[in-house]
Amino acid sequence: MYSSIQDLIEQATGRQLPLHRIVLENEMALTGKTEEQVYELLERHYDVMVSSAKKALTQPQQMIGGLVTGVASKQYAYETPLVGKYLNSVMAMALSASEVNASMGLVCAAPTGGASGVLPAVLLGTGEKLGCIKQQLLDALLVAAGVGALITKNATVSGAEGGCQAECGTAAAMGAAAVVTLAGGTPEACANAIAIALMNCKGLVCDPVAGMVQLPCAFRNTSQAVNAIISADMALAGQQSVIPADEVIEAMFRVGKMLPEALRETAMGGIAVTKTARDLTEGLGGRTIGTPGDPGKR
Amino acid sequence: MNISIFDVIGPIMIGPSSSHTAGAVKLARVSALIAGKPFKHVDFGLHGSFAKTGTGHGTHLALLAGVLGITEEDERIKLSPDIAEERGITYAFHEVELDDVHENTAVITFDHHDGTSTQIVGCSVGGGRILITKINSVNVEVSAEQPTLIMQQLDKPGVIARISRVLAENNINIGLMRFSRVAKRDVATSVPETDQRIRPEVIDRLAALDDVLWVTVIQ
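Chains as they are written, first to last, in this note's numbering: chain A, 1 to 298; chain B, 1001 to 1219.
Just so you know, the hints here were simulated from the structure itself, not pulled from any lab data.
Just to be clear, a hint being listed does not mean it is correct.
[Stated by the list, open to error] Covered by chain A, per the in silico footprint, the following chain B stretches (three or more residues, Cβ under 8 Å):
hint	segment
1	1088-1096
2	1171-1185
[What the hints assert, rightly or not] A few chain B residues that face chain A, going by a derived Cβ cut-off under 10 Å, partial list only:
hint	residue
3	1033
4	1056
5	1075
6	1207
7	1216
All residues carry an ideal CB built from backbone N, CA and C; glycine is no exception.
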């Protein structure tokens, strides 16, 4: 059993087991499922991730307001990305899953629906880059899920409670751990990658235009997917987070609590109350948005 | 670690928001199961973020779909107004302000065909997980992650013992049991969460116990 990133890392290191085995054992003990049953269920979730990350690459998805309809296919068709083909494909897949999600299509929450583009894009893109087989991707997914479960337990993954840092930020931390795993990094490097990814997006607010999970959500899924990869790369290069991952997670939770309600998924602050956002909202049937001056209820 | 990885990687769901769409479907679906009886009208009071950003997240469609028994993975969620109309069920949404509740809270009131009504308060706590906090003004805590019995009984000595004996005789282990009551010697609510699924004949036996008023199961 473990209750922190530190515990998890120590157990893996102490028992000389890969991280995914520790997460797997815990899941089996917790739910009574066999190893085969856990992997079978994991594969079902993975398959939904793959379909959401691919679906909009060639087929723009229709949605109320249509703010991000076609963003994935545009990125996918872009032939001269400065960041290279690997990151561009990660970006396109993050946009695809976000687009499918916004259109009320089928996605796998990871950790939430609003952040469901990060992990599929990071896993698939990196898997392809490194030539990983499916089993490796499922093992990396286990590690990511174990990290996400710890953040759920010790902080929050709800945008309404902690802002975007709790949703896309957690997804980035999970993705960073997955990338380190795929690249054969140590459990300790995983912990550093988790901490760095969360540090990189500390305080990120949730301010959806017209209250819809479209803008800036699709772009934030994309940037947090890239955050996951660069955080993993920093950790793999030997960078130390200095502040332990568990403390960074706790800090994320505290920052979330300090965010005003207007910046926690209420569409009452940030990008959501810009002039253009207000105009767009009115155009979508006159739904009113509050102002930053509205009294909070907490 | 007492949270399953599939509470994090998952649910497999219809977008866009695990808390505002998938969680709302589950909250409403579980509420309708607790209400138990068919209904002709349902009223949704939305608090906090549910009220502020619900429309854009499809929360209204999701809540309505949930009370109609549609699940989180069903692409018919966006068609829920049509399905309600087909079934002759009317509905209304309005904003409510509640004290000391989660940001994503809904008050769901079912008007049944027999003239009675059931009011459920619950919230969507993120990642598609939910918590039912009130059933007809009685405080409860129902997450519906394990098979869960919700029972109302008279607040008298020995009733709980009889309930747990029936469960024990049927080899059902109680993982967690919560109680609440309005006042001493009045009606009490007990919510056992069990490790095993509960068969219909066990529910019948529980419902037939002396001083047990009402039983429902969510699994």
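To see whether the hints hold, each was checked on the structure:
1. 1088-1096: violated (count 0)
2. 1171-1185: Answer violated; 0 residues pass the 8 Å Cβ test.
3. 1033: 22 Å, violated
4. 1056: 3 Å, holds
5. 1075: Holds: closest Cβ of chain A sits about 7 Å from residue 1075 of chain B, inside 10 Å.
6. 1207: 28 Å, violated
7. 1216: 24 Å, violated
In summary, the numbered hints that this structure violates are 1, 2, 3, 6, 7.
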